[in-house]
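Residue numbers (our numbering), protein chains in the order written: chain V, 57 to 230; chain U, 57 to 230; chain L, 57 to 230.
Do not rely on the hints blindly, as some may be mistaken.
What the hints assert, rightly or not - Straight-line distance between alpha carbons at most 20 Å, and here's what the computed EDC-like set of lysine to aspartate or glutamate pairs gives: (1) 226/L with 228/V; (2) 226/V with 198/U; (3) 161/L with 198/L; (4) 226/U with 198/L.
Hints listed in this document are in silico derivations from the structure and should not be mistaken for laboratory results.
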Amino acid sequence: MVLPKLTLILGGAASGKSHFAERLAIDSGISVTYVATAEAKDAEMRERIDRHRHSRPKHWRTIEVPLDVAAILQKPPKGVILLDCATVWLSNQFLRSETGLVTEKDRLLEALNTCSVPVIVVSNEVGTGIVPTNSVARSFREAQGRLNIDLAAIAELVVLVVAGLPQVLKGEFA
Amino acid sequence: MVLPKLTLILGGAASGKSHFAERLAIDSGISVTYVATAEAKDAEMRERIDRHRHSRPKHWRTIEVPLDVAAILQKPPKGVILLDCATVWLSNQFLRSETGLVTEKDRLLEALNTCSVPVIVVSNEVGTGIVPTNSVARSFREAQGRLNIDLAAIAELVVLVVAGLPQVLKGEFA
Amino acid sequence: MVLPKLTLILGGAASGKSHFAERLAIDSGISVTYVATAEAKDAEMRERIDRHRHSRPKHWRTIEVPLDVAAILQKPPKGVILLDCATVWLSNQFLRSETGLVTEKDRLLEALNTCSVPVIVVSNEVGTGIVPTNSVARSFREAQGRLNIDLAAIAELVVLVVAGLPQVLKGEFA
């Protein structure tokens, strides 16, 4: 398929959203650069990162970028960029500085808007559980919700993945 | 657009559901009474209420009704009523009396059914996270789920908002 | 309607998924065996089980099977089997042995694949809240997400229920 300029893949935890995004990237037939936002800070994250890595084609180029994704998008390698995921990027920004978040989000959105190669962004739905008792968790889910709205507004194709099954929310498969 | 008698707008936290409901009310071309259920009991709620207020047209009439929404619906002002939101209303009822909830819900549903002007109700999806450890939170999400089912059953139009994008679950845009 | 070999009904807590699955079973016109996975270990569960039981037709046969659902599917009674639900089954397996889970899941999927009567499986969406702080809860939602993906992959019909309203994610109503 011909990838649009920006594709957003939404889904819950273990919904199959990363796998679906990887299929899209493979089916584009162009070379893939995988931008990984996760850092292996503990055993659980290491196990999760390794599991994801093993599910991806070995010839993909992987770049680990916990924070400055915008810089990559401004001078992208040829092919398609698969950013997995906006939620971990947001979490990394949160841990660094909650107040600097708005600026960083604007930078990311601007870089996505002007990126010269197609981009696929994976992001989490986190807002349909019960209100968290923890105030940082409440702030985070607000920020994640607004980021998803902003990403969806500029994406040509938005797909929600539920139990591995894609539902097109905006645009259509070419 | 011509508003049906009852419209239900569902979505998670920061999903864009309130914004979408406001667009519906504006596009109806008739005067809007905004029924706000939230009370500013702390700084976080005050900030949230102010943010919502600034996003709404200034000429809208706003009524703050934490509990007795049914009374407003029984003698409504002309135009359309935008009730934002059923989740905070339910939470207010919960805090007052969990046992009186069934009666209050029946009153609300009856008032919605017989209201002489169109009503748009905003409500939260809270049931697709992990089971809460807190038993009150478990009761609340059960009650919210059942309220959404009851509202959806009597609404002509039901829309689920995900990342700002509407998905029609019942009825259609006129 | 003519039931497919395997139907998966997904939804959040109190979304109306069990009620919808029961309607499907009734509308099939064939005799129903209800496989209940929940055990009444405390008052809250007893109340919930009783409420579900009272909503079902009295002539249905009910079998309580907290763990070995595969054995029932291998020698099924005539008619349709309604399994409610995969989430409680998964939770029961988790409590017994997290390490034995993969084997038990493979047994279940194999038994569903080869079952000689139509089966309707109810399962929960638990992955779209905030990341749980509890590591067992995180493991559980991963396992539930993957189980839903696996069930959806072999089901002919997959329906997501939101506020009592069905959305077909895969296949179609016959």
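Taking the hints in turn, this is what the structure says about them:
no.: 1; hint: 226/L with 228/V; in the structure: 17 Å, holds
no.: 2; hint: 226/V with 198/U; in the structure: 31 Å, violated
no.: 3; hint: 161/L with 198/L; in the structure: 14 Å, holds
no.: 4; hint: 226/U with 198/L; in the structure: 31 Å, violated
Hint check: violations occur at hints 2 and 4; the rest are consistent with the structure.
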